[in-house]
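For chain A, the structure is supplied; the task is to place chain B on it using the hints.
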Amino acid sequence: MAKQSPKAVAEQPQKRRGSRASLYLAKAGHLHVMSEFLLRGYNVAMPEVDIGDDVYVVQDGAGTLWEIQVKTATCAPTKSGYRAQLRIRRTQLIEPDDPPLYYIFTLPDRGTWQPSIVLRRSTLLKLHETAHAGTRAGAYIHFTIWKNAQGLHCGKSDLTPFANSWSEWPVLEESGSL
Amino acid sequence: MHQITIHIGHKADGFVFRLDPRSEAWIKTLTGRLQSLPSVSIGFDERSSIENISNEIFEQVAEMLTGIDGEKLAAMGIHFVDARTERTVHTI
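So the sequence lines, in the order shown, correspond to chains A and B. Going by this note's numbering, the letters in the first sequence line up with residues 1 to 178, in that order. Going by this note's numbering, the letters in the second sequence line up with residues 1 to 92, in that order.
Heads up, a few of these hints could be off.
What the hints assert, rightly or not - In silico DSSO-like links for lysine-lysine, alpha-carbon gap of 30 Å or less:
| id | chain 1 | residue 1 | chain 2 | residue 2 |
| --- | --- | --- | --- | --- |
| 1 | A | 126 | B | 28 |
| 2 | A | 126 | A | 156 |
| 3 | B | 72 | B | 28 |
| 4 | A | 71 | A | 126 |
| 5 | B | 72 | A | 126 |
| 6 | B | 28 | B | 11 |
| 7 | A | 27 | A | 71 |
| 8 | A | 156 | A | 79 |
| 9 | A | 156 | A | 71 |
| 10 | A | 71 | B | 11 |
| 11 | A | 79 | A | 27 |
| 12 | A | 156 | B | 28 |
| 13 | A | 27 | B | 72 |
| 14 | B | 28 | A | 27 |
| 15 | A | 126 | A | 27 |
The set of hints was computed from the structure by calculation and includes no laboratory data. Nothing here was measured: the structure is a model prediction, and the numbers come from that model.
One chain only, chain A, in its complex shape (with noise of 0.2 Å):
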């Protein structure tokens, strides 16, 4: 067995850290992502194997089905508001879509969650190609989300008014005990 330099192995511990963290952040953003369909009255259901939709929601009775990718974005602080970036693989964010799938975008800062970014596949494309929101590298598009005194952007494009926008969720009658 090759030998290790005392550097490469102090570094492995931190580096499963650091992948466990990662796996931790992200089953919170799917469960908050869950909580908040849930507290609006539709059921969610997580496929046993991640293939890319993350969270199916049901409105019960109509069976209206919607499908959800949650991306989790650790927000680093900066002087007037925050930043974060992920990430998206381009064949993904062209593929046309029926049932629609939505991203959300959680956004986790320093122990509190920021308004969560909502919105179509076909509008981040859009936004993407029309309106210079994120950069290409590779197979991916990252995305950088800047939040100011002047609202929340990506590149070019205004993202204020996707923050915590659920209107195609509307609060269910039923679920008013909650």
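Just chain B now, with coordinates in the frame of chain A:
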């Protein structure tokens, strides 16, 4: 001349078509109006491949998405791109 691109998505029983946003914006500039439909879905009784979609179906889909009739579309040139591979699978 701007190339018009239509992306193809896959469903269990068929396919979903949608104009690439840049093409959509260009058509709006050209015609001064919105396209007829944001997306078009087609379904088959049995699972099918893109190769089984006829030229007539591709033309009808392009007309529904752009609101432009077939002869004008042929002059423009339409590229249908499989979103999963980003390869052009059909042209008009």
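Are the Cα positions of residue 71 of chain A and residue 11 of chain B separated by 30 Å at most? With a Cα-Cα distance of about 23 Å, the restraint between residue 71 of chain A and residue 11 of chain B holds, given a limit of 30 Å.
Pairwise hint evaluation, residue 27 of chain A against residue 79 of chain A, where the allowed Cα distance is 30 Å at most: holds (29 Å)
Against the 30 Å threshold, does the CA-CA distance of residue 27 of chain A and residue 71 of chain A hold or violate the hint? holds (10 Å)
For residue 71 of chain A and residue 126 of chain A, compute the direct alpha-carbon distance and say whether it is at most 30 Å. holds (18 Å)
With a cut-off of 30 Å on the C-alpha distance, tell me whether residue 72 of chain B and residue 28 of chain B pass. Holds, because 15 Å separates the two Cα atoms, which is no more than 30 Å.
Does the alpha-carbon distance linking residue 72 of chain B and residue 126 of chain A stay inside the 30 Å limit? Given pair residue 72 of chain B, residue 126 of chain A holds - Cα atoms ~25 Å apart, limit 30 Å.
Measure nothing beyond the straight line between the CA atoms of residue 27 of chain A and residue 72 of chain B; if it is 30 Å or shorter, mark the hint as holding. violated (51 Å)
For the pair supplied as a hint, residue 156 of chain A and residue 71 of chain A, is the alpha-carbon distance within the 30 Å limit? holds (21 Å)
What's the verdict on residue 126 of chain A and residue 27 of chain A, does the C-alpha distance respect the 30 Å limit or exceed it? holds (28 Å)
Keeping to a limit of 30 Å between CA atoms, is the pair of residue 126 of chain A and residue 28 of chain B held or broken? holds (14 Å)
Straight-line Cα separation of residue 156 of chain A and residue 79 of chain A no greater than 30 Å? Within the cut-off at roughly 20 Å; holds.
Does the structure keep residue 156 of chain A and residue 28 of chain B at a Cα separation of 30 Å or less? Holds. Residue 156 of chain A to residue 28 of chain B sits at ~21 Å (cutoff 30 Å).
Checked against the numbered hints given earlier, the structure breaks hints 13 and 14 and satisfies all the rest.
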